[in-house]
Amino acid sequence: MEYSQAELVRGIRNEDSAAYEHMICKYTKTVFCLAYNILSESHSKEDIEECIADVFLDAWIKIAEFDAEKANFRTWLLMLTKYEALTYRRKKRLSNILDIEDVGIKNGVNLEKQVLLRQDQEQVIKIINSFQKIDREIFVRRFFLGEKIGDLAKAFDLSRAAVDNRLLRGRKIIKEGLQYE
Amino acid sequence: MNEDKMFTVLNNLDDDLIEKEIDNLMDGVECNTESISKKAHKKLDKYNRKIRFRKRLPYVAAICACFICINTVYADDISEAVKKFFNKTPVYSTMVDGSAYYLKDGLALDDNMVIDSFMVSEGRMDMKFTSKLDISILRDAIIIPGDNPDIQYVMGGYSEDNGKYYFSFMNGKEDNYNIKPCKSFDLLVGNKTYSISLEQAESLDGTQKLFASEATSNQIGLVDVGANSLEKDGKQTIQLIASFKNKDMKLSKFGRPVDATVKTSFENLGEDGIVSTGTGLRTEDIYATDESGAKYKLEVPADANAFPIAAFETDAAIDNKLTLQLPALIASYQKTVDSLKISIPQEGEEIINRDVDMFAQKAVAKSIKRLSPTSAQLVFQLNTGNEKYVGIRSFNIYSKDILKASSEFSGDKAVMILDFNKDVDEINLDISWPEFVMNGNWTINMQ
Chain A
97 MEYSQAELVR GIRNEDSAAY EHMICKYTKT VFCLAYNILS ESHSKEDIEE
147 CIADVFLDAW IKIAEFDAEK ANFRTWLLML TKYEALTYRR KKRLSNILDI
197 EDVGIKNGVN LEKQVLLRQD QEQVIKIINS FQKIDREIFV RRFFLGEKIG
247 DLAKAFDLSR AAVDNRLLRG RKIIKEGLQY E
Chain B
7 MNEDKMFTVL NNLDDDLIEK EIDNLMDGVE CNTESISKKA HKKLDKYNRK
57 IRFRKRLPYV AAICACFICI NTVYADDISE AVKKFFNKTP VYSTMVDGSA
107 YYLKDGLALD DNMVIDSFMV SEGRMDMKFT SKLDISILRD AIIIPGDNPD
157 IQYVMGGYSE DNGKYYFSFM NGKEDNYNIK PCKSFDLLVG NKTYSISLEQ
207 AESLDGTQKL FASEATSNQI GLVDVGANSL EKDGKQTIQL IASFKNKDMK
257 LSKFGRPVDA TVKTSFENLG EDGIVSTGTG LRTEDIYATD ESGAKYKLEV
307 PADANAFPIA AFETDAAIDN KLTLQLPALI ASYQKTVDSL KISIPQEGEE
357 IINRDVDMFA QKAVAKSIKR LSPTSAQLVF QLNTGNEKYV GIRSFNIYSK
407 DILKASSEFS GDKAVMILDF NKDVDEINLD ISWPEFVMNG NWTINMQ
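Taken in sequence, the protein lines are chains A and B.
In terms of the numbering used here, the first sequence opens at residue 97 and continues consecutively.
In terms of the numbering used here, the second sequence opens at residue 7 and continues consecutively.
Next comes chain B alone, as it looks inside the complex (with noise of 0.2 Å):
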């Protein structure tokens, strides 16, 4: 009887027979069951969870089969882990998803207005722009892209530093963030039209010295992370790269967070906007050890121009093969998760304890209370669902009857300070943009 046939024989032996085989073979080995059922239904949640996602988003597919096409060429000889990368354009000294436009070099308008930075990629378009002209006229500025004259892209916010602004746009018909890379565009301010080619930035690819991080105890399935090493006047820079397997999942910032604590707050100014604060994201420093042991720190470089940093300088000369450690990294969900009715009580307390899926983890609303006429208290228990090693770090929430809100983020608790007008017994509540710390603790070999 040769090998082939003796496999044709046992494997067409019935299941019960060989259960016992296997029973003798593991016996004095535990293999706990219910926790093996509990992580395969969690994988499968998680599973129809995106493909609901992809059902709503014709259009994420759609980037998905490009997606593929680039893969099969690699498919042969490149990792699945090192594939995931594939996707993203590293552009300044950030990194996006998809393909993006950018310009190269800053590009003076006249004498009023200097380009400083621009790029554009999938939901994404940021301007940084030295200017004289009067914020009042530079905040209607409108971009049409030069492949569809029908869209235009209007200030969705910014910040501004003495002359120094940093404009983010949205599309403004659709007032969201449906932004299409495009490779030239009118720029329209204060009367006058720029026209503006950029440079299409390059993808990771399998020509790169790419490097997944290893496996870690602290698995978390939403992200793989990993690193490109490159070189910079005779040293070592590092690109870091977070490949979330959601398309509305974004890094925030790598490294673990400093303050325990976060605190944020809105208010609402009727016609003119919402203000809102946030404790910033500060992280602890991330270091890279080389093989003699030397500790190299990656350095956010002087001219960074794009947000958040994946660049980092180190002083490792190029040759030096690093081992990089991120204990954890920041990520938001960009999207509304859910809607809340909540009765406010005319005095005392109640209790709601209502589920919210946060989509990488869970938090439960449980009680609010009558703080006075004007204002209430909504408590909120965090990190409910079984992603252990991913915390809830804040979440924004809007309600059109709600004057001003302050929340503080602290542990398993967040506690909201509510202010609103006087008759005001109900709110519907929207809960967005939240807001994690993966606690990965990935160990990137760079060898």
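Next up, chain A with everything else stripped away, as it sits in the complex (with noise of 0.2 Å):
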């Protein structure tokens, strides 16, 4: 059965159990790129899925603090693996008592209801893949996994003020591309 958004969350929660399957296949591959993108430095492949299933039990749990307004479900999705890859790292860094340093995750992003047309989101996309491979990723990771500049920094040897520069230039041209505003 394919699902809507909608359908979906319905789905998850009269706890439907082939809502929870359709949104394992579904999600799965994005989940994993920002989990992995989180922990592949420090945490194993076996840590990795363990905490991707982690957050779709969560999501299972968590459903009813799910707002359709507020963000769409895959971003929200995004959100918790943010927050569940944390915690393994801090986890397997701190070991024992713990500062609860580093969960200063935006809380996501304010998403106004401003949905592109098929074609414009097309060209938007057309146009990232036009970016130099590393721009291209670290906009890819940046906007569409909600990864912070400084790990970014991190994760490409840059400063973070080469990272700003290449999101900021990669903004502007899409921008342009879009005659957006």
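Note that these hints are calculated values from the structure, not bench results.
Heads up, a few of these hints could be off.
Heads up, simulated DSBU-like pairs for lysine-lysine below, C-alpha to C-alpha not over 35 Å straight-line [as the list claims (entries may be wrong)]: (1) Lys215/B - Lys187/A; (2) Lys158/A - Lys48/B; (3) Lys110/B - Lys327/B; (4) Lys49/B - Lys187/A; (5) Lys229/A - Lys125/A; (6) Lys394/B - Lys122/A; (7) Lys186/B - Lys170/B; (8) Lys410/B - Lys166/A; (9) Lys158/A - Lys368/B; (10) Lys341/B - Lys158/A.
Covered by chain B, per the in silico footprint, the following chain A stretches (three or more residues, Cβ under 8 Å) [unchecked claim]: (11) 147–153; (12) 216–224.
Residues from chain B shown here face chain A by an in silico Cβ test under 10 Å; the list is partial [stated by the list, open to error]: (13) Asp21; (14) Gln225; (15) Ser373.
Everything numeric in this text was worked out from a predicted model, so none of it was measured.
Every residue gets a Cβ at the ideal spot worked out from N, C-alpha and C, and that includes glycine.
Using the hints, put the two chains back together into the complex; each one sits in its own frame.
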């Protein structure tokens, strides 16, 4: 069965295990991508898989907190992934009494209801794909997966300013390409 | 276009467009979707099992609610892992769940009886005492809690060693271990009544230096392990903490078992009760290492009063930063897990192939073979579930039709010899209190 976002959310709320299965099938790669980026340096493949499985269970348990007005389901799932992955990372790093540093994730993105037409969406993707490989990856990880600029700087061995500049340049190109604003 | 707008734009892209980008990004990285799916389903199964359990036992939910209130105070600055230990209460050399009351010092009741130790917590009431009175008098002892005179706790089991007794009480009216913590009680023994007041034991909290174990490749989601460092005579005493996700899972002992084979037996003596025996819980020593590499053995205190032991003495000075290696622990699930109706063939062997869910691990009742008119051999295949780091150490069996049973657990197999009266060709077998070896291979870095 193919689910729309609303059907998927309703299915999970009704504790329909087929909806759980569908969520896993549809979003594993996306969730894996973010968890992998956060954990691959410090954790085994097994740990990353456990983390992802925890994210899906979290989504099942916390579905009442999902608000379609604030974010789409994928973004919400990525938020859960980020929290879970950081928890895994912190557990490994500190091992004991713990300060809760760096869970300073911004509470997602304040998503206004501003949906692009399909045609515009494809144009955005086309523009992003025209970026140099490293810029494209930074852009995708920042804006699709919501990774922190500091983490990206570390991952790509760049200064924070260099990452900022690359993101800024990308935004400008997209804006021009869309003639947005 | 500012950053927020870019997030807005890109987060509203259709899924198929994003999936392509993710595929590009993950080019060359293997994502085992099947393995992730299995793990996610397993976690959901466990979660659902837990929820069903809570629905059956509403009072458990009440306990959990209290726990959440306590946690809230520390929510901002203490990790989730450590918070799991706050519901644990050290009493004497052991640790129990929830609140507990105990006798701070030994108490002489009269010339005939001295209570050496006494503790009560949820589901548990233990007394160690010295007495010259005959066991026929002592075993009729009754305890009536000060806050509820309608309840009577009676002797549930005892051991005796040269005038020193260890009593375990149970709820006499309900015939189970529904025991509530109480701060005073009347002890009725040998036509005398003694009123006794207890001290409340302090639960672990954020003021203590609690350390959670590091993540390990041997992941066992059923338990969290940690430690607390204390001073005793200038040396370090280490309290090991095992916090189980399920309230019926209890610690039996810390450490890896020495015996690869476990033998148990029981005999139904009718009115004289049931006598049971079992291989002891011998475990290998546990060690901690300090920053210079010096190794310290965790020793059971000479004055240990209650079991299982959770507080260990070491020769390490209090300022030594220790790293503790805990290869395994033994725990039991204190419930009846299944009932099997088994037909015993008149002769030869019959295949059963019936799955038995033992909560932390699974097993299969494989076959039953008639050995004689009054005996049969029952074989189980063990460890058939997914928890690869959890092995079944043993479990109890009981049937009113069985007079005597002896079991041998070794590796992935358990063989039981059942003795019964002549004309039995079917038994209803209760399987309870499975005991597990959890090979977590935990490291607790106490720094």
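Broken hints, numbered, in rising order? 8, 15
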